[in-house]
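Colleague: The primary structure of each chain is shown beneath.
Number of protein chains: 2
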Amino acid sequence: MSLIVQKYGGTSVGSVERIKAVTQRVAATKAAGHDVIVVVSAMAGETNRLLELASAVAQKPDPREVDALVATGEQVSIATLALALIDYGQPARSLLAHQARISTDNIYGRARIRNIDSESIMSVVRQGAVAVVAGFQGVDDGFNITTLGRGGSDTSAIAVAAAVKADVCEIYTDVSGVYTADPRVRPAAKKLDRISYDEMLELASLGAKVLQIRSVEAAKRFAVPVHVRTSFSDEEGTWVVQEDSTMENVLVSGVAMDLNEAKVTVLHVPDRPGVAAKIFTPIAKAHIVVDMIIQNASEEGFTDLTFTVPKGDLDKALSMIKGVATEIGAAGVVSSESPIAKVSVVGLGMRSHAGVAARLFEVLSREGINVQMISTSEIKISVVIEAKYAELAVRVLHQALVEEGFEEGAT
Amino acid sequence: MSLIVQKYGGTSVGSVERIKAVTQRVAATKAAGHDVIVVVSAMAGETNRLLELASAVAQKPDPREVDALVATGEQVSIATLALALIDYGQPARSLLAHQARISTDNIYGRARIRNIDSESIMSVVRQGAVAVVAGFQGVDDGFNITTLGRGGSDTSAIAVAAAVKADVCEIYTDVSGVYTADPRVRPAAKKLDRISYDEMLELASLGAKVLQIRSVEAAKRFAVPVHVRTSFSDEEGTWVVQEDSTMENVLVSGVAMDLNEAKVTVLHVPDRPGVAAKIFTPIAKAHIVVDMIIQNASEEGFTDLTFTVPKGDLDKALSMIKGVATEIGAAGVVSSESPIAKVSVVGLGMRSHAGVAARLFEVLSREGINVQMISTSEIKISVVIEAKYAELAVRVLHQALVEEGFEEGAT
Chain V
428 MSLIVQKYGG TSVGSVERIK AVTQRVAATK AAGHDVIVVV SAMAGETNRL LELASAVAQK
488 PDPREVDALV ATGEQVSIAT LALALIDYGQ PARSLLAHQA RISTDNIYGR ARIRNIDSES
548 IMSVVRQGAV AVVAGFQGVD DGFNITTLGR GGSDTSAIAV AAAVKADVCE IYTDVSGVYT
608 ADPRVRPAAK KLDRISYDEM LELASLGAKV LQIRSVEAAK RFAVPVHVRT SFSDEEGTWV
668 VQEDSTMENV LVSGVAMDLN EAKVTVLHVP DRPGVAAKIF TPIAKAHIVV DMIIQNASEE
728 GFTDLTFTVP KGDLDKALSM IKGVATEIGA AGVVSSESPI AKVSVVGLGM RSHAGVAARL
788 FEVLSREGIN VQMISTSEIK ISVVIEAKYA ELAVRVLHQA LVEEGFEEGA T
Chain A
428 MSLIVQKYGG TSVGSVERIK AVTQRVAATK AAGHDVIVVV SAMAGETNRL LELASAVAQK
488 PDPREVDALV ATGEQVSIAT LALALIDYGQ PARSLLAHQA RISTDNIYGR ARIRNIDSES
548 IMSVVRQGAV AVVAGFQGVD DGFNITTLGR GGSDTSAIAV AAAVKADVCE IYTDVSGVYT
608 ADPRVRPAAK KLDRISYDEM LELASLGAKV LQIRSVEAAK RFAVPVHVRT SFSDEEGTWV
668 VQEDSTMENV LVSGVAMDLN EAKVTVLHVP DRPGVAAKIF TPIAKAHIVV DMIIQNASEE
728 GFTDLTFTVP KGDLDKALSM IKGVATEIGA AGVVSSESPI AKVSVVGLGM RSHAGVAARL
788 FEVLSREGIN VQMISTSEIK ISVVIEAKYA ELAVRVLHQA LVEEGFEEGA T
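Taken in order, these protein sequences are the chains called V and A.
The numbering used here applies: residue 428 is where the first sequence begins, and numbers increase by one.
The numbering used here applies: residue 428 is where the second sequence begins, and numbers increase by one.
Check each hint, because a few of them may be wrong.
[As the list claims (entries may be wrong)] When the alpha-carbon atoms are kept at most 25 Å apart in a straight line, the in silico DMTMM-like pairs for lysine to aspartate or glutamate are as follows:
| # | chain 1 | residue 1 | chain 2 | residue 2 |
| --- | --- | --- | --- | --- |
| 1 | A | Lys487 | V | Asp514 |
| 2 | V | Lys447 | A | Glu444 |
| 3 | A | Lys743 | V | Glu444 |
| 4 | A | Lys447 | V | Glu444 |
| 5 | V | Lys487 | A | Glu444 |
| 6 | A | Lys447 | V | Asp514 |
| 7 | A | Lys487 | V | Glu444 |
To be clear, the hints were calculated from the coordinates, so they are not data collected in a lab.
Work out the full structure, taking the sequences as your base and the hints as a guide.
Modeller: If you want it as structure tokens, here you go:
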């Protein structure tokens with residue numbers, strides 16, 4: 428008998444039929460002898476509908492009231508699922524954030540969970556009932572409703588699992604697990620049986636939208652075993668777990684692409700201390716996340732500085748940097764004329780195998796794909812290329828590094 | 428400067444346009460120097476939509492979860508109105524039941540308010556903001572969400588007004604006040620400037636659906652002046668207030684009709700002590716509200732017993748009574764073959780004027796309307812007649828007792 432947290436996303440509870448399917452799955456898990464806590468998102472489309480209502484009545488919607496408004500989406504889901512479970516014969520009880528005592532800070536719209544008092548959830552479980560907990564929301568010290576930001580229900584589920592010391596947190600989604608690449612781009616992509624937290628973190632940050640990055644951080648911090656799977660079948664999904672010694676045998680776990688970045692270059696920047704800080708401090712203050720930064724070799728005391736920002740923040744970043752560029756005596760600021768893509772390969776095995784980068788460049792150059800920027804971590808290599816080559820790059824890198832394995836250059 | 432509670436019903440906040448109109452009215456009241464607390468219902472249609480969702484997933488919806496589900500309707504309203512107010516430049520803050528500390532018992536679906544800790548509402552008001560409080564809902568001692576039953580937002584508003592000692596509770600609705608009769612039935616009906624709590628109580632219980640009866644009871648108990656008016660114009664409505672000496676000068680304040688009752692007759696009942704209790708105890712236990720009861724003069728130790736119940740409870744009442752009838756040796760049970768209507772006249776002046784009943788019978792008999800049952804209180808006479816005569820009865824009674832005044836038989 429295990430204690431299982433199951434998280435169902437918006438499509439999994441998106442209709443009366445889907446809610447009934449979830450009801451049967453939850454009841455079956457309970458009937459198999461497990462204790463079950465369910466964390467639910469709003470029904471698909473509901474959060475957007477509520478945000479549209481907010482926009483219709485306010486040009487600059489107040490963050491506290493937006494959170495109070497959108498939190499109704501999860502409230503509808505948990506009450507409806509509890510209704511369905513009870514009617515099915517399975518005792519259940521819905522719990523809102525203030526009832527489940529999910530405490531957060533008071534940053535509306537992107538609050539962080541500080542603490543979950545597991546007692547109120549576990550008292551429901553001990554009565555033999557399923558606790559149906561609202562995802563995505565919390566309550567601050569002043570009893571105000573807060574929300575965790577998009578995808579926050581994953582984080583809720585993992586935080587609940589950590590608080591109650593669950594044996595597993597099952598994340599039900601509309602894909603059947605984590606794949607070595609997007610199967611729409613490379614049909615030969617395979618579902619991974621297991622992946623480490625660190626690899627999942629890199630993939631989450633690289634645009635593989637299976638799990639929200641904060642939820643993976645939380646899972647790693649509290650060592651919560653996560654099982655990503657589909658609510659549309661009984662198929663096993665992908666386990667996201669603590670690294671073990673066998674995992675390094677797999678060189679590359681995944682190839683991901685991200686088309687949501689844009690490139691900015693500050694031209695002919697005087698190469699002296701403090702200049703980079705002058706450029707990046709205002710951007711950071713505007714909460715724009717700079718991903719990759721490269722600086723060319725200095726030439727007669729001047730250098731070009733290139734970095735990437737989310738596409739949506741490009742205009743804001745450009746207008747900020749133009750003033751700074753003049754101030755520091757740079758020649759000007761340009762954004763990339765053609766769209767860019769970031770393509771990344773991730774794998775624990777890269778730690779102990781030195782030749783992955785060389786093989787990656789070789790494969791890309793064979794296809795005539797020019798690498799504009801490079802960024803690496805211990806278990807990841809990301810390159811920025813022209814967007815039109817993104818799918819091709821994923822295909823050839825997946826073929827060379829995942830399907831054929833990696834033979835040459837292994838240390 | 429006054430402290431004003433304004434309650435807006437579902438049609439008053441039923442669309443983005445209506446919410447903006449309410450925003451302007453609230454802001455204007457604030458700008459005129461008053462402190463304002465707003466109590467809001469769910470947007471029109473929303474509660475029914477949520478109840479349909481409950482019915483779609485459960486054959487016997489669990490009452491606790493139904494309350495958690497439907498309470499989202501008011502949450503959407505208060506957050507949306509607060510968003511609109513803040514965007515309009517008027518500081519505001521939405522308060523759910525647990526935030527406004529509206530404590531109730533734990534009877535889901537028809538909870539009663541026990542206490543409102545006015546401090547949390549007044550702390551918002553003292554900051555110069557409008558407190559936007561969710562109507563219809565409360566919280567029990569276990570932090571569960573409860574709802575007050577249909578029309579409960581009126582009760583919420585008056586309870587809040589009593590708790591904060593407001594100068595007035597304005598009830599905004601889609602009619603412009605309390606009329607001497609339904610203007611669709613008798614176009615000559617006039618809007619009343621003032622009416623006493625007791626008269627309003629009688630009218631509320633007689634099917635004039637302007638205010639929920641429990642809210643009038645609360646207003647009377649706490650002496651909250653209530654102003655019933657429309658949100659569609661600035662027109663003055665009807666004040667529901669404590670009785671004063673001038674009010675008895677008006678003989679009849681209103682003529683109301685109610686088509687939602689059905690009549691049950693138990694035939695040839697042995698006329699001995701305890702028989703009535705045997706009949707009415709099971710009905711009361713089933714929460715069926717018996718309105719009028721008449722018993723014919725006993726004839727050779729037997730009598731016919733006739734009473735009315737809400738139409739919706741008729742089948743249940745009949746099947747209960749049939750068993751009892753056999754047990755007590757009655758000849759049988761019948762329901763009225765033709766539909767009935769209850770027509771009532773209400774007025775404080777009836778206390779001191781004895782001839783109203785006589786005039787009423789005279790007017791009805793002139794039209795050939797047979798009176799099947801009669802029930803009176805100090806300030807009310809109700810008669811049960813055939814439903815097809817209901818509108819005619821309202822018209823002739825209104826003409827004789829309201830329009831022409833009452834000349835004959837005055838003591």
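Colleague: If a hint holds in the structure, say so; if it doesn't, say that too.
Modeller: We went through each hint and held it up to the structure:
1. Lys487/A x Asp514/V: Satisfied, since the Cα-Cα distance of roughly 6 Å is no more than 25 Å.
2. Lys447/V x Glu444/A: 37 Å, violated
3. Lys743/A x Glu444/V: 33 Å, violated
4. Lys447/A x Glu444/V: 37 Å, violated
5. Lys487/V x Glu444/A: Judged against 25 Å, a Cα distance of about 17 Å means the pair holds.
6. Lys447/A x Asp514/V: Roughly 40 Å separates the two Cα atoms, so the pair is violated.
7. Lys487/A x Glu444/V: At roughly 17 Å apart (the allowed maximum being 25 Å), Glu444/V and Lys487/A satisfy the hint.
Consistency note: the structure conflicts with the earlier hints numbered 2, 3, 4 and 6.
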